[in-house]
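Protein chains: 4
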Amino acid sequence: MELGIIGLGKMGFNMAERLRLAGHKVVGFDFNKDATAKLTANGSVGVNSLEELVKNLAAPRAVWIMVPSGDPVDQTIAKLEPLMQKGDTFIDGGNSNYKDTQRRHAEATNKGFNYVDCGTSGGVWGLKEGYSMMIGGDKEPVERLRPIFETLAPAKNEGWGHVGPSGAGHFVKMVHNGIEYGMMQAYAEGFSIMKAKKPLDLDLTQISKIWQKGSVVRSWLLDLTADALAKNPTLDGLEAYVPDSGEGRWTVTEAIDLNVSAPVITESLIRRIRSREENNFTDRMISIMRGAFGGHDVKKS
Amino acid sequence: MELGIIGLGKMGFNMAERLRLAGHKVVGFDFNKDATAKLTANGSVGVNSLEELVKNLAAPRAVWIMVPSGDPVDQTIAKLEPLMQKGDTFIDGGNSNYKDTQRRHAEATNKGFNYVDCGTSGGVWGLKEGYSMMIGGDKEPVERLRPIFETLAPAKNEGWGHVGPSGAGHFVKMVHNGIEYGMMQAYAEGFSIMKAKKPLDLDLTQISKIWQKGSVVRSWLLDLTADALAKNPTLDGLEAYVPDSGEGRWTVTEAIDLNVSAPVITESLIRRIRSREENNFTDRMISIMRGAFGGHDVKKS
Amino acid sequence: MELGIIGLGKMGFNMAERLRLAGHKVVGFDFNKDATAKLTANGSVGVNSLEELVKNLAAPRAVWIMVPSGDPVDQTIAKLEPLMQKGDTFIDGGNSNYKDTQRRHAEATNKGFNYVDCGTSGGVWGLKEGYSMMIGGDKEPVERLRPIFETLAPAKNEGWGHVGPSGAGHFVKMVHNGIEYGMMQAYAEGFSIMKAKKPLDLDLTQISKIWQKGSVVRSWLLDLTADALAKNPTLDGLEAYVPDSGEGRWTVTEAIDLNVSAPVITESLIRRIRSREENNFTDRMISIMRGAFGGHDVKKS
Amino acid sequence: MELGIIGLGKMGFNMAERLRLAGHKVVGFDFNKDATAKLTANGSVGVNSLEELVKNLAAPRAVWIMVPSGDPVDQTIAKLEPLMQKGDTFIDGGNSNYKDTQRRHAEATNKGFNYVDCGTSGGVWGLKEGYSMMIGGDKEPVERLRPIFETLAPAKNEGWGHVGPSGAGHFVKMVHNGIEYGMMQAYAEGFSIMKAKKPLDLDLTQISKIWQKGSVVRSWLLDLTADALAKNPTLDGLEAYVPDSGEGRWTVTEAIDLNVSAPVITESLIRRIRSREENNFTDRMISIMRGAFGGHDVKKS
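Those sequence lines, one after another, are chains A, B, C and D.
Counting in the UniProt record's numbering, the first sequence runs from 1 upward without gaps.
Counting in the UniProt record's numbering, the second sequence runs from 1 upward without gaps.
Counting in the UniProt record's numbering, the third sequence runs from 1 upward without gaps.
Counting in the UniProt record's numbering, the fourth sequence runs from 1 upward without gaps.
With the rest of the complex left out, here is chain A (with noise of 0.2 Å):
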């Protein structure tokens, strides 16, 4: 079937490259003029406006957005609704809060449009692996998209999945991140522990390609991390510093409002956060503190 995708960033032109090479019609759109010209070479319709767009698409349309969440969601539907017409879908492919969707759901068809929101996850490796997709909205407009998630999709039937109403697969793609906060998390203060046991001199590198295979902690993210651990054993050049995009804040913040308690999940987070932190305020405090009451010595910067 036809599908418009806008943002073709290193998910956006992944995903498209999988529905065209399954025979899928894709137009897309970026501002970025190398990555639509690519789109086209590679035997796509990319497009450098919205309105070409939705001019190379039949009705009912459907528009895959993937930009970043926040305001380009927004402005992209704004800038998107005069273009097209009532039955045309949307369909919001990026890590958008789902409270946000649930309003945009609301708006859209308030207006007549379909409004579906889908969690993907998957990253660099989509294009080869397929995407597992969390999708949420009403029932028809993701039933017709069927093709379209059964081709993305790691395989026809699996991978992916109509969770719920609208917000239902962002929520579920949060969550999904909040966990993957948590591993990751488990892991690397596992690695780091097995580091620091100098005596036993421990190859990193061999453990994480051991526990691969047979191992009670074997998982696609171990595959990753033993892959580069064996580029990059001593994690030369890395700094030890990690940004959060805003799925495991949501998370944290909504097991409090469901009153879950989900110690490791937020504690992934608060450890991303500290990781930021420079000449820390907390521990100068502490410091502070401790010279008061017990005349210890004070380690001056």
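Don't take every hint at face value.
Identical copies carry no separate label here, and so any pair may be met within one copy or between two of them.
Claimed, not checked - With a Cα cut of at most 20 Å, we get these calculated EDC-like pairs of lysine to aspartate or glutamate:
{"#": "1", "residue 1": "K198", "residue 2": "D138"}
{"#": "2", "residue 1": "K198", "residue 2": "D100"}
{"#": "3", "residue 1": "K99", "residue 2": "D257"}
{"#": "4", "residue 1": "K79", "residue 2": "D227"}
Calculated from the structure, these hints are not laboratory results.
The structure displayed is predicted, hence computed values, not measured ones.
Add chains B, C and D to chain A, keeping to what the hints say.
Chains B, C and D in isolation, oriented as in the chain A frame:
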């Protein structure tokens, strides 16, 4: 080659079977005569005394000890030593503390025996899928036992390795289990958050299946979780009570001793401890304080 | 000077009393007629309508709102505004979210009113010991109310201060309560550890009394704890169930928004949430996983 | 009465002074001759050998050991034993691990000596304000030393007590320090959150002073913090590096051994460890994973 196995529980029995199916001669002992009888019936040599076990093996012997960690290991070694001869090898395949292992290695080596530690992961699935093995000890006996490890492993050169000197195998397995705690807690928190989001009425079984394919959080643990949820999606009949064996606590203590901050593995252990605290004294202390300063209503039991 | 007080609960009534005893004229309103009658009996002016309250005060009026945070504050303001006149001042002395306060300040200011926020600490002890007050808002009304603050405070120039623009008072009080959560959890954990050390048979009441004098952990909270333990050393009749009002969660969310890592305040909140989770789903998820990979006995309920 | 004191550092010297001022005879030893000379100059008996110390005390002697925990305590006892006689008493006033104390008590008792453990809190302020003392050991020597404890304490019957058998004093002091860690971290986090709220431009010194009077979080630690902030409100020159002595780690390990969940005390320790980790390996592991699955930009150092 030949191998004695002491302890034919869930792990030991299956390992014996995997070795037998590959053509090795296994002599197995257990206090449980049903287990030894079954081993014999399957085509291996089940025996009812350590004397018989040793007699049925040609020197240099290798005896795999698969008993609960702690005293049972020391007792087994103490009983075996008079029966065995210099150059024979003990393999501790259980979850011993690596410090005990290093002590036992020193003692055994002093008496002319070899002592190998093998952290073994794979659970009840090892018979079919093979075991992940992290091996510590001296090079010579580890090399001599290569045919055993190659058979027990998921594949000849995969899922096992000689990771370092005595204790290294159990150390790495200890950390492996610490990571396992963290991963389990991360998944469990995520599923709890989704379950608590009542208006979305999410189907945890469906979501676990979606994530198995293409998602960043896919793993063997998730595969097992998806299967278990499919059978019991409401977790009926399960108690909110989580035991912990030693490796989690050892990992936490070791991290502290090594001055490595490992909040997620630590918190995973603390939550298991918390699951077993009834009529929590800490919470009641907080209640009495709140009542004292705020006149807050104190919930009476 | 004159002050209207709306809300004569534990806090509001005692504040009225402290002001009256110092010679201020207090006009107090509450839906509870017993409270207003008692206020009148004590020598202040208890009234049963907001109209009466406003009538009994000379312009420029100051009305202290001491009602539960959230809607009750908005509703009270909405009812008062038509009765009051430009230049009158609202003081929100409750635990409002500072963002609500900033919104209300903007709205009130637009209409010509003054709006002061006062985070108030001291609990049921404030009548006797005075209240700690953290005040936000514009300089002029705060200065005008100085006689009120000097009376409510523990001493004329102690225990209160104008800490910043609108919202600053409630922000500082929010953080104050977050710290309070952490302190309470720290004490409670310590007492739990001592109680669990059965062979030493420690007397928690005795220890709390010892620590009150000369120790590094002495504090007002400890004083109250020692008194409470003396009355109920076994915590009989208390349930292991800890409510939380909004300030703890707001502190945690704010820390995340500000990219400040605050693990101890956060964990204190999480433990309160945990105290209210029955038949913990997270723990049961871990149980089902353990059963799945390890054949570990699953404790059935 | 008479008391020998070994170790005239910050704590030991001040204790000697407090005793002297109350009329006790103090004989003090330190390797630092300036300290012993100063003691003598003040009116006590400073000596430069343990022999002299013992000679200057009449039997039954009491010797207060105030040296760093661990080997120095064992070495001091080993040197003293040949010089002392049955019925004499050792008091360990330092921060020894209670398990070492119990071992030393058993050994000393076997040889006919008394052995008392005294957890001592109060820091550099003890001279003026008195020391909080938690005492473990046998009843008879503790009673005999009552005049010493009554003098060192903040008041005759306040701030000290015989809390249990040998080891109980050090156990309670250990937990005391664990609580102290938690309180310090809670305050420090709170101040960090306030500092980070730039638009409110909060004055931390002012706020700490406000909280000292009437607030729920008032404490001696807060008093000291307020004084320290007044002198150095920007924490200039302090490094974000927090040492920890043994008691915090022992508290955490003990909580785990006792199956008491103590997340806040534990996290406080973990954060101190974190403050000393440079070029954090855990964070770099997470960076490499993020790069591997997401093609996320990896911040290069």
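Verification of the hints:
1. In this homomeric assembly, K198 and D138 come within 20 Å of each other (Cα to Cα) only across copies, at 18 Å, whereas the closest approach inside a single copy is 57 Å.
2. Taking the closest pair of Cα atoms, K198 and D100 come within 20 Å of each other only across two copies (18 Å); inside a single copy the shortest separation is 49 Å, beyond that limit.
3. For the identical chains of this complex, K99 and D257 are neighbours both inside a copy (13 Å) and across copies (17 Å), given an alpha-carbon limit of 20 Å.
4. Proximity of K79 to D227 under the C-alpha cut-off of 20 Å is found in neither arrangement, the shortest distances being 43 Å within a copy and 45 Å between copies.
Taken one by one, the earlier hints fail for this structure only at number 4.
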